[in-house]
Every structure is written in C-alpha cells, then in structure tokens.
Amino acid sequence: MGTKFEGFPNVIYAQQFSRIFLEKYFLPLTDEMQVLFENRGCELLRGKRMISFFYQPSTRTRMSFEMAMDYLGGKVVFSTENAREFSSGAKGETLMDTINVINRYRPDVIVIRYDHKIGAELAAKVSHVPIINAGDRKPGQHPTQALLDWRTIFKHRGEIDGLKIAMVGDLDKGRTVRSLSYLLGKFKGVKIYFVSPPNTRMGSDVKRYLRRHNVEFTESTDLRKIAPLVDVVYQTRAQTECGTIINRKHGYFIVDKTILDLMRTDAIIMHPLPRVDEITVEVDSDPRAVYLTKQIDSGLFTRMALLKMILSPKS
Amino acid sequence: MGTKFEGFPNVIYAQQFSRIFLEKYFLPLTDEMQVLFENRGCELLRGKRMISFFYQPSTRTRMSFEMAMDYLGGKVVFSTENAREFSSGAKGETLMDTINVINRYRPDVIVIRYDHKIGAELAAKVSHVPIINAGDRKPGQHPTQALLDWRTIFKHRGEIDGLKIAMVGDLDKGRTVRSLSYLLGKFKGVKIYFVSPPNTRMGSDVKRYLRRHNVEFTESTDLRKIAPLVDVVYQTRAQTECGTIINRKHGYFIVDKTILDLMRTDAIIMHPLPRVDEITVEVDSDPRAVYLTKQIDSGLFTRMALLKMILSPKS
Amino acid sequence: MGTKFEGFPNVIYAQQFSRIFLEKYFLPLTDEMQVLFENRGCELLRGKRMISFFYQPSTRTRMSFEMAMDYLGGKVVFSTENAREFSSGAKGETLMDTINVINRYRPDVIVIRYDHKIGAELAAKVSHVPIINAGDRKPGQHPTQALLDWRTIFKHRGEIDGLKIAMVGDLDKGRTVRSLSYLLGKFKGVKIYFVSPPNTRMGSDVKRYLRRHNVEFTESTDLRKIAPLVDVVYQTRAQTECGTIINRKHGYFIVDKTILDLMRTDAIIMHPLPRVDEITVEVDSDPRAVYLTKQIDSGLFTRMALLKMILSPKS
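Chains as they are written, first to last, in my numbering: chain A, 1 to 315; chain B, 1 to 315; chain C, 1 to 315.
Bound conformation, chain A alone (with noise of 0.2 angstroms):
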C-alpha cells in the first residue's frame, strides 16, 4: 500500500498525494479508521512513539493528532506547544539541530507545527524519522486539513470530479484553502469560486497551479451570488479581529440566514475553525452545516489512517 504513497513516509504538502491514492487507499482506510474509533480504539500501535512539537498552539490540531494516536493504541512520549523556546536565534538552522536532537531518541513519528512556512519541509530533509506536518506559516500548508476537507466532500458527494466549491474569506492567509486547492488540482472538472475582499485575494502561486492543472476558477466580492451555484460553501476565518467588520465594506461575506436560503439543498457549509461570526449561530442547526459534526470527525479518521499509514504499513 505505501507504495503508492508519493512522498511517504512524510506528510508535507497537500499535492504530494495521487488521485489513485486518494480513492483507492486512503479513502477506505479513513473508513476502517472510523470503525475502530466507534468500536473505542485499538492496539494496532502499540510500542509506537509520536512526539508532538508545536511552536505555536494549535490545541484543535494537536488534540485531533493526539485523539487518532490514542484511539490507536499508540502513545504520545512528548508533547510541547512551547517548542519556540529551542529556537533562540537563527531559526531554519536551529531547526534542523531540533530536528537532528528529536531523532536520536527515535520517536516513530514527529508531528510538527513551525512559525515559519517552510518549517516541515526542512525537517523532512534532515530527519530519518518520519514528519507529518500539522501546519506551517503563512502562506503555508495544512496538508492533513486538506485530507479531511477532501474526505468530507467525497463523503457527502461520492466522487469530487465536477465539484463547485466556493472559497471565501481571508484566501491570501488562510493555509486550509491553500492546501485543499492544490489538492483538488488533481480532480477533473473542478470549479472553485473564490469570494473575498479585494486585499485578501488568493495568492497567485496556487492561481498559477491551478491554471496549470485546468481548475476553473472565478473571484468575487458577494457570496450571495455565488451561494446558489456551489456544492459547498468553504468559510474561513478572519484573520484579524477587525477582518470581518473590515470585509463588509468591500461586499457580502457571511454566512448567515440569507445565504442558506440561497443555498442549494444538497449542498453543504464547511470552516476549518475557530470561528469568529463569518458563520452566524443560527446556521449550526441546518443539516448542510457539517463544521462541528461530521468535519471534525474526518478529522480524526484522516489522522488516524496517516498515523496507521505511516507506523504500521502492513497490517
């Protein structure tokens, strides 16, 4: 199976995995995962090592990593979100002394999230233990929010060929749209509509992959008229605390009442999280909404096949 696993044993950049992998390998393995989380974990890890080496917090990813090791039977021997203080000075070449130190205590697996973007890369480079990158800086990657993305939308509509997909928000910043747009570079008759504020644009490096894998794609300022057209509506965060009070001046961003009753009834509303108020309260309730249900259980199940993947490729 890891054969077909570009890049394997490191979790780097979204783009690394095939379409091949992606429907044959990891999507059914995610589902086992979920069999082994219903029946309240496993063994399969046993004796198996993950340090967590954050420097910066993140507890939602750091719990969903965490969560996936233990519903597997395998241990977390160290955990930090202070994992800054190693790197007093000049930081890629402490990183790569962290990243050597780290791998002589042979741990099976580093999850690692770095401040700056191309934090887990450089570590996959000088580590011979495996790297899975939980996020790096702006603009950065999330490879493994792009999994659970990809699975959440491949859950509900059975393939992601023909997909429209609108993207809105703080795009220039946001990792999670980043990473998911690369990944569905490698799906057929995709169609992304960014919506966002003039100064918050898509960057044009993923605009230049995407053209270059024949992804439509379109930007806007007014999710009303995108909200209709869409499979799924992809919210982001503000960025700042002001971002979204800011948006509204430049057009219509949230996603409230209005635009679920512009929404198709077979769409669905998703968000990375946190949320600031780009989704309103009273939209949590509508069966479209899958941000604090059946996303964050992908969550757990794509971190989980990673981590199965990655430790145990043969069982």
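Keep in mind the hints are simulated off the structure, nothing from the lab.
Where hints are given, some of them may not hold.
The list treats identical chains as one, so a pair stands whether inside a single copy or across any two.
Only pairs whose alpha carbons sit at most 30 angstroms apart, straight line, appear in this in silico DSBU-like list of lysine-lysine [claimed, not checked]:
| hint | residue 1 | residue 2 |
| --- | --- | --- |
| 1 | LYS257 | LYS75 |
| 2 | LYS24 | LYS164 |
| 3 | LYS125 | LYS257 |
| 4 | LYS173 | LYS75 |
| 5 | LYS294 | LYS125 |
| 6 | LYS75 | LYS48 |
| 7 | LYS48 | LYS294 |
| 8 | LYS48 | LYS188 |
| 9 | LYS314 | LYS75 |
| 10 | LYS173 | LYS191 |
| 11 | LYS24 | LYS257 |
| 12 | LYS294 | LYS75 |
| 13 | LYS48 | LYS314 |
| 14 | LYS191 | LYS257 |
| 15 | LYS48 | LYS117 |
| 16 | LYS48 | LYS24 |
Dock chains B and C against chain A, hints included.
Just chains B and C now, with coordinates in the frame of chain A:
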C-alpha cells in the same frame, strides 16, 4: 447511587449536591478512594479517557485531577492550559464550538477551567460528555474545591451541623469561599464569620443565599476577635501582589503566631493555596494547620471519587 | 549499589558524585541503558510515576527526561512548564509549599527546573520524594548535563585523568560549564582552558573550587591558540542575541573551519545546545563534532541510569 447525585453527571455548582448525597454516598466513597491511593492505585477506569481543558494555567488543580485519573487507572488523553488560543473572538459562542468539537472525539469526561463566569454551565448545556468545573472566573465557582473543603472539615469534626467557620481575606474575588458558602447552606446551625477589608467583602449574592438558607453570618475586620470563636479558620490568598499590605491598613487578617495562640486547640486552619504571606511560615508546623496535608489529600480523594462516580457509577 | 551514591536519592549538584561511583557504577549502568534503548525500551519501571515540574520552558531537557522514563516503562503522570504560576509571590517559601503539595500525591520522583539558584536544594530539603535538578538559575547548576558531558568524554577517551578541555563562551552564566568544572575536580591531571570575553569569565567560586582540587586552569580570549592543545572543545551558547557579535570585538570564540583545522584529529567538539551561531554549520559533518549525536545519546542514557538507580535500585 447516581440517582442521588443531582445534576449528574456534570459537576458545575457546589450547591448541586444534596446533604444526603454528601454524607451517605460521597464521603464513604472518598474514604474508599484513600484506600485505593494507599495501595498505589487501581485499574478501575482502565480505557476511560479524560481531557483537561484549561483556559488559564492552574497547575495545582490540573495536577490534582490528572493524578486522580492516574490512580484510578484512567488516561489523560489530552491536556492543555493554552485553551484560550481556541477562543479567538466572540467568547461564549466559541466555547460552545469548542465543546462541540471535543465531544466529537468522545472522551469520557472533560475537566474545564474557563476564564469567564458561566463557562462550565454553558459547556454542560451543549456537551454530551460529562463536564467537571475546575474553576471559573471572578466571581465564579470552584465546586470540587468546595467538596474537598467540606470533606476536610467533616473528617475533622465528624459533622457539619453547628460549624463555626471564619472565612478570611479577599472574599469578593475568592471562588473557593463562595463555593464553600453555597455548600454550607445545606447544613444546620452553621455560622460563618466573614473577615475582610471593607473593599473585599463577600458578595451580596452569596449573602442572600445564606439568608435564604438560614445560615447565620457576621462581617468583621479583625481576625483576632474571631479566631477564638471558630472551629475553622479558612484563609484565602490576597489576589493582588500588594493586597495584604493594603489589607493591614484596614484591619487584621494575617494568620500568625498571635492568631494561633488565640485559636481553640481543636480548631483547624485551611487555605486553598497558593499562599503568599497571609499565613506565616511559623504556622505550618502547628498540628492545626491542614492546608499542606489533609486538605491536599482530600482534594485527591474528592476528585478520584467524582471521576469514579461519573465514569464507573455501577462498580 | 545505592550505598555508593552520595547524596542519593536526590540529584542536586554535580559534585555530589564520587569518582568511584561514576566509574564503577554509573558508567556501566549507562551502557546497560543503551542496550535497553536499542531494544526499544523495557518495563523495568512499570507503575512508577514521574512528575516534570518546570518553572520555565526547557523543551530539550524535559524531552530527554520524559523519553528516558518512557524507555524504562515508567509513566510521566504530570508535566508542566508553567510552574511559575504556582509561585505568585514570596518565591522560596512558595517553592516549599509546592514541593509539600506534590509530595502528598506520592509520585516516585520529581524532576524540577527552577528559575532561582537554590531551587533544587531547597526542594530536596522538604521533599520525601526524590528530587532531580533539571537546571537552576544563573549562575546555577545542571548536574545531569554534567554527568552526560562527563560520560561523553569518558566514552571517547576511556578516562578523564589528564584531560585537556577548552570551555568557551559566556562562562559566567553557563550552568553547564560550571557543573562540568565541579565534576572534573574529582579527577587527576585535568587542565581547563577557559576561553571567553573579559566580561563573561568563569565565576570566582568555581575557580576557587578548582584550585582547592588541584585542577589547573588558564584564561584566554583566543580560541585559535587553545584549539590545538585540547582533547575537547566545549562550546557554549551566547546568552544574549547579540552576544557573539560583542564577543568578536574582544577575541575569537567561534568554532568554525579555522578552528577545525587547528584541532587535533582525536579531539571532540561538544555543545549543550541550543546553538546560535557560535559553531558554524560546516562543522556539523566533521567526525569530531558530537553535539548532535553522541552527546545527545549520552543525555538519554544518563537520565535513564539516574531514574533506574532512584526508582529501582535493587533490580
């Protein structure tokens, strides 16, 4: 047993517990927990998962809960004191998002310390997983502290009825004295002597509750007058660095050799810790000082008992 | 075996260990630990409980201790780098309160990093549970670092007698060079070359100790003159961001290609990490550089050996 435990399986307020529950079920169970502890633990909660979710550091309380879980054979699957990072924005709403997310991972219990008043209550409203309030914000509650204080007093006196207790210090900000006052309202003939500077008097909400429950109380600014009268001197921490110095201008609030000499020989001195200088070190070796010994032990047995009740009510 | 271990079961100062202990008991035990590590761990300390109690973040040291505990089958039941929160106020007093509280939970060992000099010593005075000093504050000690440095040198040279070692950098603030100097005072014919700017020379307390123990030492500001003479170049971190730049004005303290070319072929280069730029990256691949390899390994085996001695002295 669980049927007697009002509000179960959540532990939110001190006053949710009935007298019957406390005396007939809770107290004997804490004694059983002491035996388990002295036997160096057990496997009663094997396979059970606790999440410690703290919005502010509280090393002391977190340690007590996590040690309790360990002595029962359960597992702390995730622990953070950085939870505030989750809540970037509209506070109450995001707490509910957070609790919803944690619920998807299906832990068996969530221990939460929140930095706003109604945190645990809100959490319990949306959570399908039992919530234990490990302290919320000012003026808030700290029900497990109230239970351990209650147990400490009960184990010493053999009953609560007729108790005379001095509560000393920053009474308006102290969660512990607030929660303990609520709990004492369940008993007969209790008299509370509040001793504090005029500007940190006990809140009127608590006083109204005490009147409604026929608990006698007085207010004073001189501990020397009160010390000879009471079974318990319950000292609290000056919440500001210079607090105690300010206090001294307005009365006498320090527990020292002078107070020791005035106290009854069968009285005890309690403190929720951490202490600054409101109890002088010379007091520590007095047999009446229980804040570094029996009160800590009661904290462990209390949290073990609560976890046992919530996670293994039948065994 | 424990009878030979002066000061046991606490590990507070580098100088508490005798030469006999180090050579006859400690060193062979670290080699046994290496075998256990290479076998991916054991269950020797099953049921034993360690508490990591750090008053300041030290991800590196904490990781080494917690991995050591894990490879021996013991459990880290509580871990914090936020312990400072405990100590809101009168420092020394509150540390004693804290240690008293932790003792009530009856862990089997407490690993403490304190932010004041005499922390571990104070802790050991009140604790019934063994204390391991994981570094105290400036100028303080870091005895487990001294032991691991000692082992690294011993494994390389086969003995310590006759050692010529350069200690380079901010010597007045560096705990590690202080602790190592104390330890080297136990051996014969050792010569230490202190190389530092005039304003960061080794403290007079250490120099007095060395004179008393007949350890020869010199002071210099040019590593190029010293490098050809020594078995070990022990580099330390510039403690301020701009420290190294300042240093360059006052002499020559960087380990780079120039120094490599001057050093003997059988010498080694050590560093306690984290490194800033006082060793250039080009040095890393030289076989004499052990700071990212054998020195790290020695740290793990040293901490495993200490934990084994303290927690399972008979086995």
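- Hints not upheld, ascending by number: Going through the list in order, the structure violates hints 1, 4, 8 and 11 and respects the others.
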